[in-house]
Amino acid sequence: MSAVTASRPQSRLGRIWGALPATLKVGGVIVLAWIALAVAAPLLTPFNPIKVDVVNMLKPPGGTYWLGADALGRDIFTRTLYGARADLMMAFFGVVGPIILGTIIGLLGGYFGGRIDMVLMRIFEITVSFPYFVLVIAIVAVLGPGLKSYFISLTLVNWVSYARLVRSEALVLRNADFVLAARGMGFSHLRTMLFHVLPNALVPPAVFVMTDAVLTIVLGSSLGFLGLGVQPPTPEWGAMIAEGANYLTTAWWIAVFPGLAICSLALGLSLVADGLARLLNTGS
Amino acid sequence: MDRFAFLLKRPIQLIPVLLGISLITFVLIQMTPGDPVRIMLGPKATEDAIAFVRARYGLDQPILVQYFYFLLNAVRGDFGQSIIYRSPVGPVILERLAPTLFLILYGLALSIAFTLALATAAARSRGRWLDQVVRLVCVGSVGIPSYFIGLMLILGLCLRFKLFPVSGYAPTILDNLYHLFLPALTIAIGVTPILTRNLRATFIQQMDADYATAGRSKGLPERYIFGRHVFWNSLLPTVNLMGVVVSFLIGGTVVIENVFNIPGLGQALIRAVLTRDYFVVQAVTLVLACGIVITNFIVDVVTVVLDPRVKL
Amino acid sequence: MEELVRVEDLAIEFATKFGTVPALKGVSFTLNRGEALGIVGESGSGKTVACRALLKLIAANATVRSGRILVEGQDVLAMGDAELQRFRGEKAAMIFQNPSTHLDPIMPVWRQVGEAMVLHQGLRWREAKARAIELLRDMQITDPARRANAYPHELSGGMRQRVMIAAALACEPDLLIADEPTTALDVTVQAQILALLRRIRRERQLSLILVSHDLGVIAEMCDRVVVMKDGTVMESGTVEQILTAPRNDYTKRLIASQPSLMKPAVRKALEAPAHAAPRLAVEGLKVQFRSAQSLTGWLLRRPAHAVTAVDDLSFTLPRSGSLGIVGESGSGKSTVARSLIGLVASQAGRILVDGKPLGRLLQERPLAEQRKMQMVFQDPFLSLNPAMTVAATLAEPLRQHRLCSDREIPERLADLMAKVELPQNLLERRTTQLSGGQRQRVGIARALALEPEILIADEVTSALDVTIQAQILGLFERLRREMGLTLILISHDLAVVRYLCEQVAVMRQGKLVEYGPTEQVLTHPREDYTKALIAAIPRLSRRSDAAE
Chain H
1 MSAVTASRPQ
11 SRLGRIWGAL
21 PATLKVGGVI
31 VLAWIALAVA
41 APLLTPFNPI
51 KVDVVNMLKP
61 PGGTYWLGAD
71 ALGRDIFTRT
81 LYGARADLMM
91 AFFGVVGPII
101 LGTIIGLLGG
111 YFGGRIDMVL
121 MRIFEITVSF
131 PYFVLVIAIV
141 AVLGPGLKSY
151 FISLTLVNWV
161 SYARLVRSEA
171 LVLRNADFVL
181 AARGMGFSHL
191 RTMLFHVLPN
201 ALVPPAVFVM
211 TDAVLTIVLG
221 SSLGFLGLGV
231 QPPTPEWGAM
241 IAEGANYLTT
251 AWWIAVFPGL
261 AICSLALGLS
271 LVADGLARLL
281 NTGS
Chain R
1001 MDRFAFLLKR
1011 PIQLIPVLLG
1021 ISLITFVLIQ
1031 MTPGDPVRIM
1041 LGPKATEDAI
1051 AFVRARYGLD
1061 QPILVQYFYF
1071 LLNAVRGDFG
1081 QSIIYRSPVG
1091 PVILERLAPT
1101 LFLILYGLAL
1111 SIAFTLALAT
1121 AAARSRGRWL
1131 DQVVRLVCVG
1141 SVGIPSYFIG
1151 LMLILGLCLR
1161 FKLFPVSGYA
1171 PTILDNLYHL
1181 FLPALTIAIG
1191 VTPILTRNLR
1201 ATFIQQMDAD
1211 YATAGRSKGL
1221 PERYIFGRHV
1231 FWNSLLPTVN
1241 LMGVVVSFLI
1251 GGTVVIENVF
1261 NIPGLGQALI
1271 RAVLTRDYFV
1281 VQAVTLVLAC
1291 GIVITNFIVD
1301 VVTVVLDPRV
1311 KL
Chain G
2001 MEELVRVEDL
2011 AIEFATKFGT
2021 VPALKGVSFT
2031 LNRGEALGIV
2041 GESGSGKTVA
2051 CRALLKLIAA
2061 NATVRSGRIL
2071 VEGQDVLAMG
2081 DAELQRFRGE
2091 KAAMIFQNPS
2101 THLDPIMPVW
2111 RQVGEAMVLH
2121 QGLRWREAKA
2131 RAIELLRDMQ
2141 ITDPARRANA
2151 YPHELSGGMR
2161 QRVMIAAALA
2171 CEPDLLIADE
2181 PTTALDVTVQ
2191 AQILALLRRI
2201 RRERQLSLIL
2211 VSHDLGVIAE
2221 MCDRVVVMKD
2231 GTVMESGTVE
2241 QILTAPRNDY
2251 TKRLIASQPS
2261 LMKPAVRKAL
2271 EAPAHAAPRL
2281 AVEGLKVQFR
2291 SAQSLTGWLL
2301 RRPAHAVTAV
2311 DDLSFTLPRS
2321 GSLGIVGESG
2331 SGKSTVARSL
2341 IGLVASQAGR
2351 ILVDGKPLGR
2361 LLQERPLAEQ
2371 RKMQMVFQDP
2381 FLSLNPAMTV
2391 AATLAEPLRQ
2401 HRLCSDREIP
2411 ERLADLMAKV
2421 ELPQNLLERR
2431 TTQLSGGQRQ
2441 RVGIARALAL
2451 EPEILIADEV
2461 TSALDVTIQA
2471 QILGLFERLR
2481 REMGLTLILI
2491 SHDLAVVRYL
2501 CEQVAVMRQG
2511 KLVEYGPTEQ
2521 VLTHPREDYT
2531 KALIAAIPRL
2541 SRRSDAAE
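Residue numbers (the numbering used here), protein chains in the order written: chain H, 1 to 284; chain R, 1001 to 1312; chain G, 2001 to 2548.
These are computed hints drawn from the structure, not numbers from a lab. Don't take every hint at face value.
Unchecked claim - List time: in silico DSBU-like cross-link candidates among lysine-lysine, alpha-carbon distance up to 35 Å:
no., chain 1, residue 1, chain 2, residue 2
1, R, 1162, H, 59
2, G, 2286, G, 2252
3, G, 2263, G, 2017
4, H, 148, R, 1044
5, G, 2056, G, 2091
6, G, 2263, H, 25
7, G, 2511, G, 2286
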């Protein structure tokens, strides 16, 4: 028996890879590719993304400018690559804060119930009563545009998505027999919450995080489009599209290529989300 | 009948939420850097003018009193003075309310129509090619930013093919169905993928439910089971999403009004943020939040009507 | 006798993530018109797949490999959609196990009974409603006109099942298939539903196929039996034949595992020194639950609604004695367990271990006292943490209570696994990879890790197959004997209690109805409720009483 398994050529990693859903694989490749492109940007293009070169302004795609140049003569290809950094960071920072804050609040509310839950639910209800994007904008307005205020405002607004998921799992789990057993054996609330309830409550949030990443990129680039995100001259796809809006008929490439970039990255994340859901059997 | 008594109690339960919203909005503006009065009156303001405005809005009082004044004024429709518009904020909000409301309702109607069609088609042809296509379309289009869609639509349908006007808000409703079609479509495209995915999943879950199996065992046709049993049971959890959907729609309007140059609340908000017209920001946020609260209340009403199990 | 149903060599397999899994491997049986056939089997036997196939209710991921199902000469599996819709409901109909989920929650009950009539027989809705009310009346639902407008959640479990039976009978089928129709019901209600089924069978000359894991139910209701295991028919014959002279080994094991047939264990408690306090004494225990106060209620100073779950319960248990607490749903028996352990606070009464009173809540008890009483739970799926391995599950209490050094843990784990008769190699497995019976054993091992003196078993075998249940009950008995454990067994099943427990306490809606030595209570019950409980147990043989 062991002799047969030892001689099998396919590695364990290979078998795991083969078992993953197709959407997960395709999406994963796309996302990893963008991450690689963002990191390796300096190696892939000789141009400087922010240096102004008025001579070459509004040059169409072709020749030295693969994807054309914008109104300030900057190469679109270069700016698209560098822009990936801003948008990937927005995707990451836009979910990290909400996950942590949301999980803590959801766990506490769902596990303890009673008055703690009532208070937390009130806060939840009030936060949810604001239009999501409008509240983000309002907070960014107060704190001033930029990545830091983006991170803060998203944490303060988007925690509710994760809190809702974790809380509903925790509410069910806290009555599960194994949780009662843990308490019955004299384990503290902290131990029961962290080691018994939490690990089992994290599956729905883990599935949701990828979809959230997509929504976050759309939101972040919308902020950039409106001028409230990462500030110029740092390249960012949404802001680039806003610039391109003025030249829609004359120099369509300024808006279209960053747009396609967003769509492809979002598609990749969305496929990963779909694949993850299929893998964990919780999706449709 | 005491299910409906719940609807009478509900507005009372909403008061803490409304208070909370107003508190947050108030606190938000308190955190802005700089002195709002100086900003509002500009650099040429005299000390007397500043003192007058401060007293007028109670800005020299302790925070709690300021909040109280804020509430009082808000209820009366007085939200302060706008810098850009050089007029009280209240009337500005009022005149910009209609376009935004129209756009949101139009977008809502379109997205409901699309979602019902797509989700039903997908669920009924489950597993076959139509279902897969719908799923892929939903997965793929979730990430397309609405402003990008808007711009592409403008590029294609307005500029190249001159089918729709690029901007503006028309005086009559009928005209607006035409003028606002593209913006509403854009917003709807932003919301439809998520809603469809959700509704389709619910449909399928209900089609596998025990009561559906029981129905089949009685010889009921699949179409009847879907139309009479599955559909209505699926509606309930989906209606609960409406608050979130409207929230997304409002987010969409904020962006789209800027793309299509529609004189609504969204455009006002962005302009106010960029020019630090904080009173406008505050007022718009408050008004839109109240809109969500009203939407959630309507959702509650609909839930009580549709679901006989609700007994609060 | 005319043959109504003939199943020939039916083979069905499922396509799963792990490949194709055969559910039926060539099953054959027949049913004659007017007869009642029972299909008995444990989980995985394929009995549900087989009975659903009779109506061609085959899951999306299942394929029929081979076989025919002939009803009145026609092959059900070969029928097209239109034919199938006529067949279902008019020729054959089905009732299911869980009436709560098998009824549409947002449709009034009369519609669910009448819709088949409208769609099959072209009735108008008003006529269908009138007929539906008549059917409900026939099902012995009181005040049928009013009840017909109710929604399923407004009716009790028994009434819902009657509604489902009415819906199945709406178009007057010749064949009724019942898939575990009483498993989800309390024992007294079960008896009523079975009586109803017998009556309508007689009155309408219905042929019946009854699927159940409970041999007693089948013995009461059916003429012939088919015994299934792992997708094959082990044995078939008349009820008499199977019960008195089983030929197949599995059948023999199945019969021997029926709790009512198991010879009561030697349940004598160990001799205790004179004047010793009883191991466990409960005096006047009272537990109340207050429902959450609503905001308006608080504002109007209305007192919160209180439910008394346990009312004035008292009993004593000697060292290594065994008590069975029996009751139906809502009797408060689980609440008793939880308040003994200290998970739920009692409002009045005392709990004394070895004469010393215990704090009401777990937190109020010193660590050493907490260990003395441990509990084993019911749900094999959620009684163990799905994220942990078996070893981690067993080691955690050892570590938290510092019962041994880290070095000694492997030895302790090995010891515990041996005590519950589990192989050592299961230690490294995730708990989700174990079977139901294995999980229960781990649950018992976990409780034993703290070296308790009193073990409370809360419906520990209710979710298990009958053969596995027999093994677990045997394990409990051995542990009690070898370790001198005092045992409290909570169950809805009187037969299980009879096997294992020396004393029995019968509870109903929070109150203690009857209490005393098991043999005495079961052979000479004083209270009417106890008598009803005993009478409701399906007897394994109707005619000669070879079992009791």
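A quick look at each hint next to the structure:
Taking the CA atoms of residue 1162 of chain R and residue 59 of chain H, the gap is near 26 Å; set against the 35 Å cutoff, the hint holds. Pair hint residue 2286 of chain G plus residue 2252 of chain G does not hold up; C-alpha atoms about 45 Å apart against a cutoff of 35 Å. Between the alpha carbons of residue 2263 of chain G and residue 2017 of chain G the distance comes to roughly 44 Å, so the proposed pair goes past 35 Å and is violated. At most 35 Å may separate the alpha-carbon atoms for a hinted pair to count; residue 148 of chain H and residue 1044 of chain R meet this at roughly 33 Å.
At roughly 13 Å between alpha-carbon atoms, residue 2056 of chain G and residue 2091 of chain G fall within 35 Å of each other, so this suggested pair holds. With a C-alpha separation of about 59 Å, the suggested pair residue 2263 of chain G and residue 25 of chain H falls outside the 35 Å cut-off, and the hint is violated. Between residue 2511 of chain G and residue 2286 of chain G, the direct Cα distance comes to roughly 10 Å. Compliance with the 35 Å bound is thereby established for this hinted pair.
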